[in-house]
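The numbering of the sequence shown is the working numbering, which starts it at 11 and goes up by one.
Derived from the structure by calculation, the hints contain no laboratory data. Predicted model, so just to flag it, every value in this text is computed and none were measured. Careful, some of the hints might be misleading.
[Claimed, not checked] Think about it this way: if two alpha-carbon atoms lie no more than 30 Å apart in a straight line, the pair counts; the simulated DSSO-like pairs of lysine-lysine are:
1. K123 - K107
2. K107 - K21
3. K68 - K123
4. K67 - K21
5. K123 - K58
6. K21 - K123
7. K116 - K21
8. K58 - K116
9. K116 - K68
10. K58 - K107
11. K67 - K107
12. K67 - K116
13. K107 - K68
14. K65 - K21
15. K21 - K58
16. K107 - K65
17. K67 - K123
18. K116 - K65
19. K65 - K123
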Amino acid sequence: MEAVEGRSNVKALLITDYNGSLPLRKEVMLYYIAQEALNNVLRHSQAKSVTVRLKQKKGNVVLEIEDFGCGFDPAQIGSEGMGLRNMRERATLAGGKFEIISTPGKGTRVIVKIQRGEN
11 MEAVEGRSNV KALLITDYNG SLPLRKEVML YYIAQEALNN VLRHSQAKSV TVRLKQKKGN
71 VVLEIEDFGC GFDPAQIGSE GMGLRNMRER ATLAGGKFEI ISTPGKGTRV IVKIQRGEN
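With the hints as constraints, model all of the structure from the sequences given.
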């Protein structure tokens, strides 16, 4: 989070109640998804703040990255950009689900759910 703030004027907040561990492969995938999502915030969102949440929910680890920037219409993206495609692919490789919710003028939220155990 300090790296995000150090590279920009974006205020970054981490909220977590997760204190478990994941198989290394899944941890690495979550790390790269978070990194890509945060890079997208810095490049595209014009946001002043971003919140990263990492929590445990019903046997899953849930990563949410939400900015309060300009947002976009996902239907207008058509064939997803490389970053979105990479995040979706990494979530799938980790046995998880990827969702992006965005509305013009209201920001963007990336949600990744990954089962805690091996699969």
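Checked hints:
Proposed proximity of K123 and K107 is supported: the alpha carbons are some 5 Å apart, at most 30 Å. For the proposed pair K107 and K21, the alpha carbon gap of about 27 Å is at most 30 Å, so the pair holds. Under the criterion of a C-alpha separation no larger than 30 Å, the hint pairing K68 with K123 is consistent with the structure, at around 10 Å. Between the alpha carbons of K67 and K21 the distance comes to roughly 26 Å, so the proposed pair stays at or under 30 Å and holds.
A C-alpha spacing of about 26 Å is found between K123 and K58, which places the hinted pair at or below 30 Å, so the restraint holds. Restraint check: the Cα-Cα separation between K21 and K123 comes to about 24 Å, which is no more than 30 Å; the hinted pair holds. Between K116 and K21 the alpha-carbon distance is near 17 Å, which keeps this suggested pair within the 30 Å criterion. For the suggested pair K58 and K116, the alpha carbons sit about 12 Å apart, so the restraint of at most 30 Å is met.
Among the hinted pairs, K116 with K68 is consistent with the structure: their alpha-carbon atoms are about 29 Å apart, no more than 30 Å. Annotation: proposed proximity of K58 to K107 holds, straight-line Cα distance about 27 Å (limit 30 Å). Of the supplied pair hints, the one linking K67 and K107 holds, its CA atoms being roughly 14 Å apart against a limit of 30 Å. Straight-line distance between C-alpha atoms of K67 and K116 comes to about 26 Å, which keeps the hinted pair within the 30 Å bound.
Note on K107 and K68: the hinted pairing holds, with a Cα-Cα distance of about 14 Å set against a maximum of 30 Å. A C-alpha spacing of about 20 Å is found between K65 and K21, which places the hinted pair at or below 30 Å, so the restraint holds. Annotation: proposed proximity of K21 to K58 holds, straight-line Cα distance about 6 Å (limit 30 Å). At most 30 Å may separate the alpha-carbon atoms for a hinted pair to count; K107 and K65 meet this at roughly 15 Å.
As the CA atoms of K67 and K123 are separated by approximately 9 Å, the hinted pair is consistent with the 30 Å bound. Pair hint K116 plus K65 holds up; C-alpha atoms about 23 Å apart against a cutoff of 30 Å. About 10 Å separates the Cα atoms of K65 and K123, which keeps this hinted pair within 30 Å; it holds.
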